[in-house]
Amino acid sequence: MRVQAVRKLEPSNRLHMVRRGMMAGLPIMLGYLPIAITYGVLASQSGMNLLELTLMSMLVFAGAAQFLAVSMVAASTGAVEIIIATFVLNFRHFVMSLSFVNRLKQIALKAKLPLTLGLTDETFTVSSLYRKEAKEDYGAWFYASLMITAYSSWVVGSFLGGILGDVMPQRLSESMGIALYAMFIGLLVPAIKKHYRISFVAITAMLVNFIGQQWGLNQGWAIVLGTLIGGLSGVFILKDEEEEEV
Amino acid sequence: MIIWIIIGMAVVTAVPRILPAFIMNQLKFPKWIDRWLNAIPYAALGALIFPGIMSAKPDAPQIGIIAGLAAVLLAWVNVNIIVVVLGAISAVFLMTL
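Sequence order for the protein chains is G and D.
Just so you know, we're using our numbering here: the first sequence kicks off at 6 and counts up by one.
Just so you know, we're using our numbering here: the second sequence kicks off at 67 and counts up by one.
Quick caveat, the hints were computed from the structure, so don't treat them as lab data.
Do not rely on the hints blindly, as some may be mistaken.
Stated by the list, open to error - Under the rule of at most 25 Å between Cα atoms (straight-line distance), these lysine to aspartate or glutamate pairs were calculated in the DMTMM-like manner: (1) G:Lys137 / D:Asp100; (2) G:Lys110 / D:Asp100; (3) G:Lys244 / G:Glu141; (4) G:Lys115 / G:Glu141; (5) D:Lys97 / G:Glu141; (6) D:Lys94 / G:Glu179; (7) G:Lys244 / D:Asp125; (8) D:Lys94 / G:Glu141; (9) G:Lys140 / G:Glu179; (10) G:Lys199 / D:Asp100; (11) D:Lys123 / G:Glu179; (12) G:Lys110 / G:Glu86; (13) G:Lys115 / D:Asp125; (14) G:Lys115 / G:Asp142; (15) G:Lys140 / D:Asp100; (16) G:Lys199 / G:Glu141; (17) G:Lys198 / D:Asp100.
Claimed, not checked - Distance ranges between label pairs, derived from CB positions: (18) D:Met161 / G:Leu114: 44 to 54 Å; (19) G:Ala113 / D:Leu135: 20 to 30 Å; (20) G:Gln111 / D:Leu135: 36 to 46 Å; (21) D:Ile132 / G:Phe72: 32 to 42 Å; (22) D:Leu152 / G:Leu114: 48 to 58 Å.
This one's a predicted model, so the numbers in the text were calculated from it and none came from an experiment.
No residue lacks a Cβ here, since even glycine has one placed at the ideal position from N, Cα and C.
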């Protein structure tokens, strides 16, 4: 009886899910802000105006591809080359989206479509580690709020970088290049602590990615290959509860 | 000119992201593909961390590695992920003083 009473005080309503999504998105926001500001600074230095560089963050929302595009614009590379490079680099989101959508079976297509547009390396991995929300009421609100938190910090950070120019001490902004890697580590380590076998999947992916790049494979395709083969090793290595619980 | 680059980039980024929502709506996968897709997040994390972390400071790959080990240590003792991120940033900052 008492348990039921406590549950009633904490209803799983929309606002509650939105708040939880924001909390889950907070580390991404922290990782994105300095990197988005750096992007804004570099983009304005490469000759893009404030509207263009902010618009690129709003419409593309993919950090690595935007940095690549900025350096290619600075080197006056042609538009077609930039667009092809973006496609190759971002194709990994196709694999991530397959995995993401597969877990959202209870969520309606009209909610899934905009959610997939918010997928980045970071929003994908964070939302993948919050699995049970997909089955809860208003689960779509949780993921939407997580993604909007990340998206808005990316767009606002780019804009700030564009207007402020080189405000941040260079040594500090360079130190922040580690932020997103640290976040990935911070997400992976607790999963491995819970189920050691997960480390085999992650290490396989690392090695395939590394070897692929040594052989001259482009970074985007090497990550795709590492993700696919690393994930495939999970079919044999992970037990069902390891996939479901973490 | 740049606006066309942006629109082109937006299209080639959006299509691979959105396509699975349509594909998966039609298909029912066998169990092993389900398991494969469930393992993808851990594989993606691995591939995103290494070897990319060595280029966090492009001129000094060992700094990325050491900061990464600091992050592993912090994450291992169950501190909040924000502390893991700030710890790694401080580690790089200190090593480049």
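> Against which earlier hints does the structure fall short, listed by number upward?
Replying inline: 6, 7, 9, 12, 13, 19, 21 and 22
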